[in-house]
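Undergrad: If you read the sequences in order, they're chains A and B.
Start counting at 1 in the first sequence, then tack on 61, and there's your number in the numbering used here.
Start counting at 1 in the second sequence, then tack on 61, and there's your number in the numbering used here.
Note that these hints are calculated values from the structure, not bench results.
These figures come from a predicted structure and were not determined experimentally.
Any given hint could turn out to be false.
When chains are identical, the list treats them as one kind, so a pair holds in a single copy or across two.
[Said to hold, decoys possible] Straight-line distance between alpha carbons at most 25 Å, and here's what the computed BS3-like set of lysine-lysine pairs gives: (1) K119 / K280; (2) K119 / K294; (3) K280 / K169; (4) K113 / K215; (5) K291 / K111; (6) K368 / K144; (7) K87 / K377; (8) K395 / K377; (9) K295 / K393; (10) K414 / K87; (11) K273 / K113; (12) K144 / K291; (13) K66 / K79.
2 protein chains.
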Amino acid sequence: MFKEKMDLRLPGPVQVPKEIQMAMEKSFDHPMMDYRNPVFQEVLQETITKAKAIFQTKNIVIPLTSSGASALEAAIINTVGPKDTIILCVIGYFGEYLQGITDHIGCKVVRVEAEWGEIVDPEAVRRALKENPEAKAVFATHCETSTSAINNIKDIAAIVQETEALFLVDAVSSIVGTPLYMDEWGIDIVATGGQKALMQPPGLALITISDKAWSVIEKLQCPSFYFDLKLYKKDLESGVGTPYTPNIALVCGLLEACNMIERSGGIESEYKRHAALRDMTRAGVRALGLELLVNDSAASPTLTAVKLENADQFRKLMREEFHIALGGGLGKVKNKILRLGHMGYTDAADMLKMFAAMELGLLKTGHKVELGSGVAGAQRQWLDNPNC
Amino acid sequence: MFKEKMDLRLPGPVQVPKEIQMAMEKSFDHPMMDYRNPVFQEVLQETITKAKAIFQTKNIVIPLTSSGASALEAAIINTVGPKDTIILCVIGYFGEYLQGITDHIGCKVVRVEAEWGEIVDPEAVRRALKENPEAKAVFATHCETSTSAINNIKDIAAIVQETEALFLVDAVSSIVGTPLYMDEWGIDIVATGGQKALMQPPGLALITISDKAWSVIEKLQCPSFYFDLKLYKKDLESGVGTPYTPNIALVCGLLEACNMIERSGGIESEYKRHAALRDMTRAGVRALGLELLVNDSAASPTLTAVKLENADQFRKLMREEFHIALGGGLGKVKNKILRLGHMGYTDAADMLKMFAAMELGLLKTGHKVELGSGVAGAQRQWLDNPNC
Chain A
62 MFKEKMDLRL PGPVQVPKEI QMAMEKSFDH PMMDYRNPVF QEVLQETITK
112 AKAIFQTKNI VIPLTSSGAS ALEAAIINTV GPKDTIILCV IGYFGEYLQG
162 ITDHIGCKVV RVEAEWGEIV DPEAVRRALK ENPEAKAVFA THCETSTSAI
212 NNIKDIAAIV QETEALFLVD AVSSIVGTPL YMDEWGIDIV ATGGQKALMQ
262 PPGLALITIS DKAWSVIEKL QCPSFYFDLK LYKKDLESGV GTPYTPNIAL
312 VCGLLEACNM IERSGGIESE YKRHAALRDM TRAGVRALGL ELLVNDSAAS
362 PTLTAVKLEN ADQFRKLMRE EFHIALGGGL GKVKNKILRL GHMGYTDAAD
412 MLKMFAAMEL GLLKTGHKVE LGSGVAGAQR QWLDNPNC
Chain B
62 MFKEKMDLRL PGPVQVPKEI QMAMEKSFDH PMMDYRNPVF QEVLQETITK
112 AKAIFQTKNI VIPLTSSGAS ALEAAIINTV GPKDTIILCV IGYFGEYLQG
162 ITDHIGCKVV RVEAEWGEIV DPEAVRRALK ENPEAKAVFA THCETSTSAI
212 NNIKDIAAIV QETEALFLVD AVSSIVGTPL YMDEWGIDIV ATGGQKALMQ
262 PPGLALITIS DKAWSVIEKL QCPSFYFDLK LYKKDLESGV GTPYTPNIAL
312 VCGLLEACNM IERSGGIESE YKRHAALRDM TRAGVRALGL ELLVNDSAAS
362 PTLTAVKLEN ADQFRKLMRE EFHIALGGGL GKVKNKILRL GHMGYTDAAD
412 MLKMFAAMEL GLLKTGHKVE LGSGVAGAQR QWLDNPNC
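Please model the complete structure; the sequences and the hints are all you need to start from.
TA: Structure follows, in C-alpha cells:
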C-alpha cells in the first residue's frame, strides 16, 4: 500500500522541509533560471552572506555545484601539492576517504588514528606536527559519520595554529548540528555539503577559507579547473557569480535553510536542539538495553551509532514494516551497527515514533524487549530537556 | 507588477517542464532520498539505460553531480596526462574554455581554429594529427554556444577514428537538439549537461565512454578523485550506484525527460522539432532585416546568434518591458550579438511571441522595423514546416 512512504532516520540524505522544496520549485520558474540575471545574483550574494553564520566566520563562503565529497577534495587539492606532506586524522570510514583523495594526488600522508568509535588525541597531532615539520596541512573529520564520534576540533585547531600548517576540517555531517566556530577556533578551511543538517537534497557543497589558507592557495596551481577556488573567489567577489553554471535551485534552497535557521533563533539554538535530540536518542537506546558505539564525551548531536548484530536484517524489517529508513554500518562495521539520524528536519515526536517501531522490530527479530521501554527512556530525557 | 515573470529564450539554462518539476519534487520525499535504497537504485539504472538513446550509444552513461563544464574536464583528465598532446578544435568561447582546462593540467595543446561564427575544416584536423602523431586526443565542441555554429563532428570523427587518438566531444548545447550518433560516427567520449535541450535545471552532467576510451582510462591515473570515471563505472556496473551522493532529484528529473522524449516520438523526432524551430527563427530574423552570425550549413538547431550593435541595451528592454530573456554575446562579441535560445521546452508560439516583442523592442531602440514583419517571416516558415 505505502510503497513510497518512508521516514528517513538516516545520517543523510535527510528529509527536505516543505519551505525548502517550495523555494527550490519557485526557482525552476522565471527569472531565477537565468543565472546571470541580477535577480539571481542578488539571491546568490544574500545566500553566501547569510551562510557565514553557519560557519561562524567572516570568511567568504563558496558554493560548489557538486556533492559534499567534492569539497573535501577541493580543500586538499587547492592547498597541498603532490610532493607535500599532509597529516590526516582518521577515526573511521570518512577519514579513510580522505586518504583516498590524497592517494589520488600522491602526497605523503601521515596518519593520526583512533579506533572506530573513538577520537583522535590532540596531543598525537602535536607530535605528528613535530615529527613532520614540513607538513603543509592537517585534515580532520569533525563528525565521523560512520561511527557518530566527534573529533575535538577546537583543541586540534589550537595546536595546528601554532605552526605554519593549515587546518582543514570535514564538517559534512556536523555543520549546523554541532558547535563549530571557524574564526574563534582558528580553522583554515571548512568543507561541507547541504544534504545533512542543512536540510537540502544533495547536489551542493560549501567551502570556506581563511586568509592564511588563501595565501597558500594563491601560490599553488590547482590541478582541477572545476574546483579551482581562486576562480570562484574572483567571480563571487566581482559580482559575476560562479565560474560554472550553479545549481540555482539548491542556492535558493540554501537561502531558505539559512532563513529558517535565523527565524528559529539562530545557529546557537540549532546546536541546542540537536544536542537535545542526541540526548533523547541515547536515553532511548540505553532504555532498550542496546549498547552505544561512542562515549558520551564524543557523541555527535547529528546521528547515533548503536551496536547490533545482524543490523541489516533489522533495518530491512524497519523499512518494510514501518516505513522507517535507518542507517547501517559502513566498511568494517557493516551489518554490526545501526546509525540513527537525527539531524535537520527532525523533532522529538519523530524520535518517539522511531523508538516505538524499533521495539516491535527488535521483538520480531528475536530480541528481548519490554514494549514501551525505549519510548519511555526517550520521553523521560525529553522531560528533562524539551529543547527539541 | 510582474517582477518574477520571465520567458527564457536563452541558450540555457532553460525553462523546466512541469512534468520534470514534479518528478524532482516527488524525489524530495520518501523513499527516493535514501540513495542506497533499492527503489532509487532502480530509478538510477533505468535512467542511465534510457539515457543511452540520447547519445545514440550502447556505451555506459555516467551521471556526474556537477555542472556540464565539469564533464568536459572529466573527459580530458581521464584520458590525457600532463605531458601528453591534445588537439583542440576552437571556434569560440567554449573552445577557449577547453584550453582553460588543458592549461590547468599542463598538457601540450595543438589548436585547430576557425573564426567565431565559422567551423573547423575536418581536413585541418587530419593535418594536425599527421603533424602531431603523438596526440592522445582530439577535442571538439559540437554546438559552440557562443556563436551557434555546429562543428562537423561526423567527418572529424571519421578522421580521428583512423588514428590511435581518442575523439572527445562537448555536446553540452547540442545533445537532443542536434543529430549526434556516438557509436555510428565513432566518437569516444561525449560530455554534456542537463540544463540545455534536456530541459533540466542545472546541476547534473552526463558523460559516456567508448571501449577504445576505457582502455586508455584504465591505464591512466586520474588526478581527480571526484571525477575518476573508473570509480563510477565500477559502482554503476555492480549496482552500488555512484561513488558519491548523487543529485537524486536531478536523476529523477532526467528519467522524466527521457520518458517525455520517448513519449513524443523519440530522439529522431526531437532532432526534427529543433531543426524546425531553428528554421523558423532564422526566417523571422531575416524578415526583420537582421544579419545571422552563422551560415545555413552550420547553423545550430538549439540557438541562433544574430548580429546587433548595442545588443545589451536591447536585451535589457526586452527583459524589463516584455519579460523575455535573450542571450547576449560572450568574450569578443560582447554587446555585438543576440543569442536566441530555442532548445528544449520551446514551441512555435513561444518563438512568435518573441518576434512580436522584438519588433517593438527594435523600434523603441531606434531601429527601422515594419511591425509584423518578423512574425510573418517565422509564420511563413512554420507553414512550410510545422514540425515544432
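Undergrad: Taking the hints in turn, state whether each one holds.
TA: Hint by hint, here is what the structure shows:
{"no.": "1", "hint": "K119 / K280", "in the structure": "within (22 Å within a copy, 44 Å between copies)"}
{"no.": "2", "hint": "K119 / K294", "in the structure": "within (14 Å within a copy, 40 Å between copies)"}
{"no.": "3", "hint": "K280 / K169", "in the structure": "both (20 Å within a copy, 23 Å between copies)"}
{"no.": "4", "hint": "K113 / K215", "in the structure": "within (18 Å within a copy, 49 Å between copies)"}
{"no.": "5", "hint": "K291 / K111", "in the structure": "within (21 Å within a copy, 38 Å between copies)"}
{"no.": "6", "hint": "K368 / K144", "in the structure": "neither (40 Å within a copy, 51 Å between copies)"}
{"no.": "7", "hint": "K87 / K377", "in the structure": "between (36 Å within a copy, 23 Å between copies)"}
{"no.": "8", "hint": "K395 / K377", "in the structure": "within (14 Å within a copy, 58 Å between copies)"}
{"no.": "9", "hint": "K295 / K393", "in the structure": "between (43 Å within a copy, 20 Å between copies)"}
{"no.": "10", "hint": "K414 / K87", "in the structure": "between (32 Å within a copy, 23 Å between copies)"}
{"no.": "11", "hint": "K273 / K113", "in the structure": "within (17 Å within a copy, 47 Å between copies)"}
{"no.": "12", "hint": "K144 / K291", "in the structure": "both (21 Å within a copy, 24 Å between copies)"}
{"no.": "13", "hint": "K66 / K79", "in the structure": "both (16 Å within a copy, 23 Å between copies)"}
Going through the hint list in order, the structure does not satisfy hint 6, though it satisfies all others.
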